[in-house]
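Assemble chain B onto chain A, guided by the hints.
2 protein chains.
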Amino acid sequence: MTDTTPLQRAQRWLDQFGAAQTSDKTDAAVALFAADCYWRDLVSFTWNIRTQEGLDAVRDMLSSRMTETGASNFQLEGEPTEADGVTEAWFTFETRLARGRGQLRLKDDKAWTLLTTMTELKGFEEKTGSHRIKGAEHGAQQGRQSWLERREAEEARLGYEAQPYVVIIGGGQGGIVLAARLKRLGVPTIVIEKNPKAGDSWRNRYKTLCLHDPVWYDHLPYMPFPDDWPVFAPKDKLGDWLEMYTKVMEINYWGSTLAKKASFDEAKGEWTVVVEREGKEVLLRPKQLVFALGVSGYPNVPKIEGAETFLGEQHHSSKHPGPEHYAGKKCVVLGSNNSAHDICAALWENGVDVTMIQRSSTHIAPSESLMELALGGLYSEEAIKNGIDHHKGDLVFASVPYKIMHTFQIPVYDEMKKREADLYGRLEKAGFMLDFGDDGSGLFMKYLRRGSGYYIDVGASELVADGSIKLKSGVDIQCIHPKSVTLSDGTELPADLIVYATGYGSMNRWLADLVSPEVADRVGKVWGLGSNTTKDPGPWEGELRNMWKPTNQQQLWIHGGNLHQSRHYSQFLSLQLKARYEELDTPVYGQAAVHHLR
Amino acid sequence: MTDTTPLQRAQRWLDQFGAAQTSDKTDAAVALFAADCYWRDLVSFTWNIRTQEGLDAVRDMLSSRMTETGASNFQLEGEPTEADGVTEAWFTFETRLARGRGQLRLKDDKAWTLLTTMTELKGFEEKTGSHRIKGAEHGAQQGRQSWLERREAEEARLGYEAQPYVVIIGGGQGGIVLAARLKRLGVPTIVIEKNPKAGDSWRNRYKTLCLHDPVWYDHLPYMPFPDDWPVFAPKDKLGDWLEMYTKVMEINYWGSTLAKKASFDEAKGEWTVVVEREGKEVLLRPKQLVFALGVSGYPNVPKIEGAETFLGEQHHSSKHPGPEHYAGKKCVVLGSNNSAHDICAALWENGVDVTMIQRSSTHIAPSESLMELALGGLYSEEAIKNGIDHHKGDLVFASVPYKIMHTFQIPVYDEMKKREADLYGRLEKAGFMLDFGDDGSGLFMKYLRRGSGYYIDVGASELVADGSIKLKSGVDIQCIHPKSVTLSDGTELPADLIVYATGYGSMNRWLADLVSPEVADRVGKVWGLGSNTTKDPGPWEGELRNMWKPTNQQQLWIHGGNLHQSRHYSQFLSLQLKARYEELDTPVYGQAAVHHLR
Numbered sequence: 130m131t132d133t134t135p136l137q138r139a140q141r142w143l144d145q146f147g148a149a150q151t152s153d154k155t156d157a158a159v160a161l162f163a164a165d166c167y168w169r170d171l172v173s174f175t176w177n178i179r180t181q182e183g184l185d186a187v188r189d190m191l192s193s194r195m196t197e198t199g200a201s202n203f204q205l206e207g208e209p210t211e212a213d214g215v216t217e218a219w220f221t222f223e224t225r226l227a228r229g230r231g232q233l234r235l236k237d238d239k240a241w242t243l244l245t246t247m248t249e250l251k252g253f254e255e256k257t258g259s260h261r262i263k264g265a266e267h268g269a270q271q272g273r274q275s276w277l278e279r280r281e282a283e284e285a286r287l288g289y290e291a292q293p294y295v296v297i298i299g300g301g302q303g304g305i306v307l308a309a310r311l312k313r314l315g316v317p318t319i320v321i322e323k324n325p326k327a328g329d330s331w332r333n334r335y336k337t338l339c340l341h342d343p344v345w346y347d348h349l350p351y352m353p354f355p356d357d358w359p360v361f362a363p364k365d366k367l368g369d370w371l372e373m374y375t376k377v378m379e380i381n382y383w384g385s386t387l388a389k390k391a392s393f394d395e396a397k398g399e400w401t402v403v404v405e406r407e408g409k410e411v412l413l414r415p416k417q418l419v420f421a422l423g424v425s426g427y428p429n430v431p432k433i434e435g436a437e438t439f440l441g442e443q444h445h446s447s448k449h450p451g452p453e454h455y456a457g458k459k460c461v462v463l464g465s466n467n468s469a470h471d472i473c474a475a476l477w478e479n480g481v482d483v484t485m486i487q488r489s490s491t492h493i494a495p496s497e498s499l500m501e502l503a504l505g506g507l508y509s510e511e512a513i514k515n516g517i518d519h520h521k522g523d524l525v526f527a528s529v530p531y532k533i534m535h536t537f538q539i540p541v542y543d544e545m546k547k548r549e550a551d552l553y554g555r556l557e558k559a560g561f562m563l564d565f566g567d568d569g570s571g572l573f574m575k576y577l578r579r580g581s582g583y584y585i586d587v588g589a590s591e592l593v594a595d596g597s598i599k600l601k602s603g604v605d606i607q608c609i610h611p612k613s614v615t616l617s618d619g620t621e622l623p624a625d626l627i628v629y630a631t632g633y634g635s636m637n638r639w640l641a642d643l644v645s646p647e648v649a650d651r652v653g654k655v656w657g658l659g660s661n662t663t664k665d666p667g668p669w670e671g672e673l674r675n676m677w678k679p680t681n682q683q684q685l686w687i688h689g690g691n692l693h694q695s696r697h698y699s700q701f702l703s704l705q706l707k708a709r710y711e712e713l714d715t716p717v718y719g720q721a722a723v724h725h726l727r
Numbered sequence: 130m131t132d133t134t135p136l137q138r139a140q141r142w143l144d145q146f147g148a149a150q151t152s153d154k155t156d157a158a159v160a161l162f163a164a165d166c167y168w169r170d171l172v173s174f175t176w177n178i179r180t181q182e183g184l185d186a187v188r189d190m191l192s193s194r195m196t197e198t199g200a201s202n203f204q205l206e207g208e209p210t211e212a213d214g215v216t217e218a219w220f221t222f223e224t225r226l227a228r229g230r231g232q233l234r235l236k237d238d239k240a241w242t243l244l245t246t247m248t249e250l251k252g253f254e255e256k257t258g259s260h261r262i263k264g265a266e267h268g269a270q271q272g273r274q275s276w277l278e279r280r281e282a283e284e285a286r287l288g289y290e291a292q293p294y295v296v297i298i299g300g301g302q303g304g305i306v307l308a309a310r311l312k313r314l315g316v317p318t319i320v321i322e323k324n325p326k327a328g329d330s331w332r333n334r335y336k337t338l339c340l341h342d343p344v345w346y347d348h349l350p351y352m353p354f355p356d357d358w359p360v361f362a363p364k365d366k367l368g369d370w371l372e373m374y375t376k377v378m379e380i381n382y383w384g385s386t387l388a389k390k391a392s393f394d395e396a397k398g399e400w401t402v403v404v405e406r407e408g409k410e411v412l413l414r415p416k417q418l419v420f421a422l423g424v425s426g427y428p429n430v431p432k433i434e435g436a437e438t439f440l441g442e443q444h445h446s447s448k449h450p451g452p453e454h455y456a457g458k459k460c461v462v463l464g465s466n467n468s469a470h471d472i473c474a475a476l477w478e479n480g481v482d483v484t485m486i487q488r489s490s491t492h493i494a495p496s497e498s499l500m501e502l503a504l505g506g507l508y509s510e511e512a513i514k515n516g517i518d519h520h521k522g523d524l525v526f527a528s529v530p531y532k533i534m535h536t537f538q539i540p541v542y543d544e545m546k547k548r549e550a551d552l553y554g555r556l557e558k559a560g561f562m563l564d565f566g567d568d569g570s571g572l573f574m575k576y577l578r579r580g581s582g583y584y585i586d587v588g589a590s591e592l593v594a595d596g597s598i599k600l601k602s603g604v605d606i607q608c609i610h611p612k613s614v615t616l617s618d619g620t621e622l623p624a625d626l627i628v629y630a631t632g633y634g635s636m637n638r639w640l641a642d643l644v645s646p647e648v649a650d651r652v653g654k655v656w657g658l659g660s661n662t663t664k665d666p667g668p669w670e671g672e673l674r675n676m677w678k679p680t681n682q683q684q685l686w687i688h689g690g691n692l693h694q695s696r697h698y699s700q701f702l703s704l705q706l707k708a709r710y711e712e713l714d715t716p717v718y719g720q721a722a723v724h725h726l727r
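Residue numbers (our numbering), protein chains in the order written: chain A, 130 to 727; chain B, 130 to 727.
One should not assume that every hint holds.
The list cannot tell twin chains apart, which means a pair is met if one copy fits it or any two copies do.
As the list claims (entries may be wrong) - Below, computed lysine-lysine pairings styled on PhoX-like, alpha-carbon distance capped at 20 angstroms:
1) Lys326 - Lys376
2) Lys409 - Lys599
3) Lys546 - Lys397
4) Lys256 - Lys514
Everything labelled a hint here was simulated from the structure, so no lab data went into it.
Looking at chain A on its own, in the form it has when it is part of the complex (with noise of 0.2 angstroms):
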């Protein structure tokens, strides 16, 4: 073994691993996999968005699914390496239906990681590249229609005398670099949004918000951001993008328009959609329904006692217009998480008095480590110089499996407190309560996990720990008053705002609300990875409820996630909705079980 290159390692291992394929023979690909396994397939080989992990999960999958997905024509792609005892290598490869991309780690010969995707369908490829369409056509046809022609006439008629294939509920980020994706493949689809326009979700947020993650990162599919864009995209300027970007990419976007009520007729095996479009009611029968309402969607707002008295003004942070109006004002923000820290900076900017009610720890993470430590391999113009673009970036990023990432993330973490130890100690000493999520693995496991706990820091921290931002910490608001609030350890304040910067629910709640509260049911909770850690209760999953893969409710679908998430799996998504377009054969091995309802 110790005189085999990478190269020889890896080539040897397709080459069974395609023999194997070929051969039907189940025991001889097993026999590839080290016992401490992780298979991740992206649609390829189960129609599913799933993780067999160890060998017995392998064995059952391939022996469900191996001599239908007909894999074989594995080659390598680039140079495999290796590193602390851990070959990898990149490898294309084709099934019956489609072709795929995946990424091999081995120990001792053996498959530790193995990541299978799709990445388009035979016969149902994008038009790119020099497959592109013509545009003008040659040669001359009398009464033929222009582009701008059959693009009205398509706008017209599409959800009137025609119907779409898919309906997105949702058009923010998420329905639309989906639907790109389904324009593409030519996928009659339209996208519900209650704004006006496509940007407008971006937009009426507060004046301060620009995006946390790091432009590298937050690309939309096939049009980059110029190198010139900024690293933190301030919310308007990507709304400008997401409305250019809707309609260059060609989407059916019918903004104005509320979602009402869907239903989903199984006789036929189709959705009415109900939506009240411009005032006007039109009835949508999509086969295919996908909610891209947010992770960051659902507000949730506590009950407390006493609210309905308070005489001043009280919203969820997604309703919060910025601190303009509030200058000289008190006021009092519930939570400590992202958007708590950001309007009690923005507030404190525009000369309020604010105060920041921590009920629970929280993750800080500042925003210039955790671009270098965390994303920087990955994402960043270093990344780029070595040769690992966002498309590189989020396929290493989806190999590594779920079960282990924590293992990962942990000495990211461990540098981060090293470095930022004495920010961190400042806020500890002004009584802010840290924690580096349960098993010290920190933000993007905390995000993984639940979605919430965490605060990019750019900037309110330093406010925070320096009293500007004013703290009270390990309490919860117990009554409201006319003109204030008290807390559970008896403190009154007085207060003109009360912010609840609550965080969300679970995305099946929109499906009580628009369909049923048996869908939601059926559905049942969205995000989390069942790790057993706070606010993610078991079991495993191995993979995060209900996204982009079927769900338990016949023929609807979710998205979503940051930009990352939404960008990358909404290839997935897209082929999986493709495939049942084409009505291909699509048998799902694995569907996950509901083991959560909200």
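Chain B only, in chain A's frame:
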């Protein structure tokens, strides 16, 4: 010589050239050039766009510019190659004020062609990559403005409380891409456009219009078209892209704004530009004034006896609304180049009886063959696979001296004659007068020399060949009557519609209208090379007259060209403007004299 590698030869030449620069030895530098040599400089040495042809010209330029330019640090980029006795090498270099990139062709160790181009000004680099702005300002400051507030404030002030440094008259693709470059360089600029929105100049054209150049040739700076963009973009799709681009590039774009008058105040060293913005008169006082009204901008309409008696419709091709209202009518199209063919084909497709009047010969370049033979090496999927993107393609194109460019082109069109012999034969049989340029050098030389005289065939030629589009060749319209026209051969043609597809005049006609005839004369004829071929009288200029470089009217510039030229040469024009904005020393070497007035 024969036992050295291309790398060694190129390296040696660069070392010697660099040493001559550093030691200020003009003779040593000149000695490195062949007798038959061409040194094309884009700004870096000459603060001009200028080709030095022959040793005397090289010596004269170096005597004047070598010391002050202070060129140094010549480094090879990539691997030099050799073919047919010519060594080709790419390199980067610096000057006192700037950085540059260049290309070298050696024959027997002497420079046959040298290209030096300025890529950026030291200290004024675009904020891209690792130097991009942050966006979110870390830390907190009271009273800060959001991105949107800053943008809105800038839009409100510029042109009113604050004057732009540059005003660009003309908001088509030329004005837009120049403005994008200037924005990135931080030069306050306003674009004046008579149509309401960016992209309208394309939307207003006849409905079937598509670009005639293929997509890989057409990218705008900073944001290439997505990889599924049609090969030939339909006009409305391009219009939408330009509108989007203008917005995301944060260009200060004044639509619905008409430029009325401009005059130069020598004492103040600034322009006064009177515009009518949405009905209100505004006075702008930029230092620099750029005209970007289009190579095909100023319509040429011949005065024909009896035109005022015509009862039908008559208009220049630029005003042609498309074929929709003329079904069943009789149409006469005067002209036989691009617009004429496009319009005739669209009319035929809509059931119009159409006759093309060909006054002089036309070069027909079938699109597929043109793409493959003329552009394919530099602008195609194939080129990309060979590592040549449009950035590289632009530089390769720029490295071929205009003086000898026809020698590169003639073989291309010899091949085209063979490939398209059938079509050409049938066209001639139908009476069509064909040419391949005066010297057989085909389309691009005709474009550079006279901006006209060709048709990139996307189907109309077939209709001419088979008689669907009727043809009268070698004639002109002598006289117009209420319902017919008489040709110079005596034929009378009934007509309901006359389209003057009679081309465009020199861009300085705009100057005569908007500034003064004196200034128009001072600037002189725009475009053309002085090749002493049809419509391009000598003497030899060596570069396109008045394009992208200092004119003989102080602080007046002209921008434009096709999408490739707009893209590439906006780089050099923007750098010249930025240098003046920063009050750097920009002594212009070899200001071109005026030999023709229009």
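Results for each hint:
no.: 1; hint: Lys326 - Lys376; in the structure: both (10 angstroms within a copy, 15 angstroms between copies)
no.: 2; hint: Lys409 - Lys599; in the structure: neither (48 angstroms within a copy, 52 angstroms between copies)
no.: 3; hint: Lys546 - Lys397; in the structure: neither (57 angstroms within a copy, 60 angstroms between copies)
no.: 4; hint: Lys256 - Lys514; in the structure: between (29 angstroms within a copy, 17 angstroms between copies)
Going down the numbered hints, you'll see the structure goes against 2 and 3, while the others check out.
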